[in-house]
Each structure stands twice: as C-alpha cells, then as structure tokens.
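Next come the chains, spelled out residue by residue.
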Amino acid sequence: MAVEEGLKIELGKQGVFVTSLQELYNWGRRSSVWPMQFGLACCAIEMIATTMARYDMARFGAEIFRPSPRQADMMIISGTVTKKMAPQVVRLYNQMAEPKYVIAMGACAISGGPFKQGYNVLKGIDRYIPVDVHIPGCPPRPEALLQALITLQKKIDGQPLTGEGRPRFLDADAQGEFPVPAQGEHDLEPTSNVGVWPVPLVVK
Amino acid sequence: MKTVEEIKSAIEAAVPGAGVEILLNPGPSGQHSLVLRREGAIEVATFLRDDPELALDFLSNVSGVDWPDKEIAEKVKVTRQVVKTVDGVEQTVDETVEETHKRVEPGYLEAVYHLYSMEKKHGPVILRMRTVNRIDKVELPSLTPIWRSAEFQEREIFDLYGIVFTGHPDLRRILMWDGFKDHPMRRDYVEPDDFEYEPTAHDEVLARAQEHKSGEQGTGIRDQEAAKAATATGAGQ
Chain A
1 MAVEEGLKIE LGKQGVFVTS LQELYNWGRR SSVWPMQFGL ACCAIEMIAT
51 TMARYDMARF GAEIFRPSPR QADMMIISGT VTKKMAPQVV RLYNQMAEPK
101 YVIAMGACAI SGGPFKQGYN VLKGIDRYIP VDVHIPGCPP RPEALLQALI
151 TLQKKIDGQP LTGEGRPRFL DADAQGEFPV PAQGEHDLEP TSNVGVWPVP
201 LVVK
Chain B
1 MKTVEEIKSA IEAAVPGAGV EILLNPGPSG QHSLVLRREG AIEVATFLRD
51 DPELALDFLS NVSGVDWPDK EIAEKVKVTR QVVKTVDGVE QTVDETVEET
101 HKRVEPGYLE AVYHLYSMEK KHGPVILRMR TVNRIDKVEL PSLTPIWRSA
151 EFQEREIFDL YGIVFTGHPD LRRILMWDGF KDHPMRRDYV EPDDFEYEPT
201 AHDEVLARAQ EHKSGEQGTG IRDQEAAKAA TATGAGQ
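Those protein sequence lines, which keep their order, are chains A and B. With the numbering used here, letter number 200 in the first sequence gets 200, and the count goes up by one each step, no holes. With the numbering used here, letter number 203 in the second sequence gets 203, and the count goes up by one each step, no holes.
Derived by calculation from the structure, the hints in this document are not laboratory data. Treat the hints loosely; a few may be bogus.
Pairs of lysine-lysine, DSS-like flavour, derived with a Cα cap of 25 Å [said to hold, decoys possible]:
{"#": "1", "chain 1": "B", "residue 1": "70", "chain 2": "B", "residue 2": "121"}
{"#": "2", "chain 1": "B", "residue 1": "137", "chain 2": "A", "residue 2": "84"}
{"#": "3", "chain 1": "A", "residue 1": "116", "chain 2": "B", "residue 2": "137"}
{"#": "4", "chain 1": "B", "residue 1": "102", "chain 2": "B", "residue 2": "77"}
{"#": "5", "chain 1": "B", "residue 1": "75", "chain 2": "B", "residue 2": "102"}
{"#": "6", "chain 1": "B", "residue 1": "181", "chain 2": "B", "residue 2": "137"}
{"#": "7", "chain 1": "A", "residue 1": "8", "chain 2": "A", "residue 2": "155"}
{"#": "8", "chain 1": "A", "residue 1": "116", "chain 2": "B", "residue 2": "181"}
{"#": "9", "chain 1": "A", "residue 1": "116", "chain 2": "A", "residue 2": "84"}
Below, a sample of chain B positions facing chain A; criterion: calculated Cβ distance under 10 Å [said to hold, decoys possible]:
{"#": "10", "residue": "156"}
{"#": "11", "residue": "180"}
{"#": "12", "residue": "182"}
{"#": "13", "residue": "196"}
As the structure is a computational prediction, the values presented were derived from the model and not from experiment. The C-beta atom is built at its ideal place from N, Cα and C for all residues, glycine as well.
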C-alpha cells in the first residue's frame, strides 16, 4: 500500500520516516551500481575521465569499478565490439550476478558506428545482450555517461518488485543466460540472438 | 645512398644467381623497388643487412598486395586471304581485319618490405616478393629470421591476404580468430551479409541493404553456402 506523497512529507516533518519496501529496496540497488572494469576502445578513456575528480562518478554511487564480473552490477560497453571480442563480452555478461544492467556507450557499441561496414565489427552489442541505456556520441562526453547512469537509476527506481515489469532476477521464468555466439568460418554464428534482438522492421 | 641500379649490381656481385629485378616507380617519389626471386631471397636479405655499405638494419614496414587476375584485351590487325567475287570472277583478295584478343594475366600476391639503415641514416630500400598465383601456390620465404620486426606484420599478411611465409617461427592468424577461413583484404573477399537493418542507409550500403531485402536469399557468403547445402540435400532425396 503506497503512502500518499503529501502525508509522507507531513510525517517527515514530525520526524517519522515512512517508505515502502519497494522504494527502500530500489533505493539501495540504484545507489550502489558497481560497474565492471573493462574498456574496449576510445570510449573507455571518456569512461575513465568520468570516474576521475572532475566528473566524479562516485557522487552517484558508481565509483567502485570491479575487475571481476561476479562483483559487478553494470557493464559499460565502452567502444567498438569486434566479432573476435563479442563472444567474450557475452560470456562476461553471463558471468555477472543478477541484478545486472548494460549501458551501450557510443556509436560503435550501439551500431558499429564509423566502423560499421568493417568485416570484423559487430553492428551493435544489442544483437546479443539486452541493453538498458544507449548513449550516442563518438565518443560521448563524461556528462553523457553520467546522464546515462542517472537514466539507469531512474529505471531501477521505477521497477516494481512483483507483477508485470519486475526485474529479470525476480522473474523465475525470465531468460537469465544469453547464448554465446560461436566464431564460425566466415562470421559469428548465429549473427544475432533473436530473443534479444528481433530484426527491426523497416517501414518504407 | 646507392641507387637501385648500384644496389642491384652489389647484390649480384655478392650473391651469384640472385636474379634481382628492378621495378621502376614512375611517380614523382621515384621510389623504385627490387623484385626478389623466392629462392634466393634469404641470401639477398642477409646481404642487405650485413653489407657494411648498405647496413639496412631496420625493417620499418611490411605490406601485402593482392593483384587479381587481369583480363587484357588487345586489338590486333590480322591480314587474311578472302575469296571474293569481283565482277563475276572469284578472286583471292588480302583483307585486313582488326581482331580483339583477350587473354587473362594470372594474378599473384605480393609482400613489400621497406628497409632503412639506422647506422647509415639512409633509406628506404624497397623489396618485393611475389607468389606464383593467388590460389594454391602462395608460399614466400619469411624474412623474420633476418629482421625480427617482420614477425607480426608477416602474420598479419598471412591473416588478411593468405600468403604462407615458410620459415616463420609462429605463423598464426593475428587479427581474426583461428577458425576463420577467409582472407578479408583480398579483392574477391565476400563480406558477411550484415545488411538486414540499416537505419541511415545511403550509397553502397543502401544498395546492399535493398539487395538483402529484395531477395528471399541473402547475398552474403553464409546465404550462398546455405543455398548450396539446401540444393545438395535436395539432390540426395
């Protein structure tokens, strides 16, 4: 049962803090989103800048970059994903413990970017793993990465714990592991995960 | 520094039967190169490195080049004897006809080495080696034993062009994965068909995307192989 906003403020003035389990739970989750420490290309330099003193990602509770996927909550795909690297990226994502989130940082991670027509460039990491926030830019500025983190925090805040739209780790039927593509003789096999990335319909 | 002709004569004096040829560069840079034969290449390279006058101790760069089969059309004037009826009398008349002859010049793969001397502060001396063809006889002698800096670049050429460097200490693919079968920098490489979705397609990409969407079967090498497999199983039944 949600408490009315006005009543909550009124009680707060009296020194009584009222909240719901969902709000408390999501507040805890969104305030300590630990990113995984890995960079793929030049976007990683901007990601590093975001964590340093001038932009200070620590203000949003995401300062602890974990070098192990087991301890990380968020994966920042910072740069071009080559077809040689893509299976490793998907494998790292599978190794992360739930709850886990993905930020696709920059044009390359979204779509392949300027290297899109390269024979060895994956045209967007969202072909294999679900992406929560896309940031355009080549590379995006640190402010954009902070904006993406804030957007992700808003998304976490809005997730109900039960019913429709609950996060994947609270849904026993949801897909938890994502198939790692194999490196075939000519290309990755399969070329996309249909469950995650249905081929978009282009309306002419 | 010595000119290419002087280097050539120095090589021929030091390594008998080297068979070095000069390939002139008509451009303004005038960087002429030496075409080495595959058999004597190691000896020539060793000489270039160890000769006190040349002392080419620094290999800066190794490149691969793919020269595909070239169809050459030549117009040749042929004179023939033709039987013609002139004024009711059959006569043999010489007639000159222009004919177009087509011949295919076989392609080859080429490795280009740029050499400098740190000691003498001169360069570049450019070496070229050519394979017999670009299908099965693609071996070249590796110059990694002479210049260590050739190691990764020869691996890259092996990966992207498919030249097999005999005598290379560790010839594996360096950029693509081990199970990869193609050589992406070759002129006849068929790119994977990645054109199912193009949000801002234009030019060549738009053409490829439309081609992908128009046909039931894609244009990529994967689709071609799938089609081939389908017909093979269809024939089996």
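Going through the hints against the structure:
Of the supplied pair hints, the one linking residue 70/B and residue 121/B is violated, its CA atoms being roughly 39 Å apart against a limit of 25 Å. Our distance criterion of 25 Å between C-alpha atoms is broken by residue 137/B and residue 84/A, whose separation comes to about 28 Å. Among the hinted pairs, residue 116/A with residue 137/B is inconsistent with the structure: their alpha-carbon atoms are about 34 Å apart, more than 25 Å. Under the criterion of a C-alpha separation no larger than 25 Å, the hint pairing residue 102/B with residue 77/B is consistent with the structure, at around 14 Å.
As the CA atoms of residue 75/B and residue 102/B are separated by approximately 9 Å, the hinted pair is consistent with the 25 Å bound. Simply put, residue 181/B and residue 137/B have alpha-carbon atoms about 17 Å apart, close enough for the 25 Å limit, and the pair holds. Restraint check: the Cα-Cα separation between residue 8/A and residue 155/A comes to about 22 Å, which is no more than 25 Å; the hinted pair holds. In summary, the hint linking residue 116/A to residue 181/B is supported, as the alpha carbons are separated by about 21 Å, within the 25 Å threshold.
With a C-alpha separation of about 15 Å, the suggested pair residue 116/A and residue 84/A falls inside the 25 Å cut-off, and the hint holds. Contact between residue 156/B and chain A, as hinted, is not supported at the beta carbon level, the nearest pair being about 13 Å apart and thus beyond 10 Å. Annotation: interface hint on residue 180/B holds; nearest CB of chain A at approximately 7 Å, less than 10 Å. Look at residue 182/B: its Cβ gets to within about 6 Å of chain A, closer than 10 Å, so that hint holds up.
A cut of 10 Å between beta carbons decides the hint on residue 196/B: the least distance to chain A is about 5 Å, and the hint holds.
Hint compliance for this structure: hints 1, 2, 3 and 10 are not met, and every other hint is.
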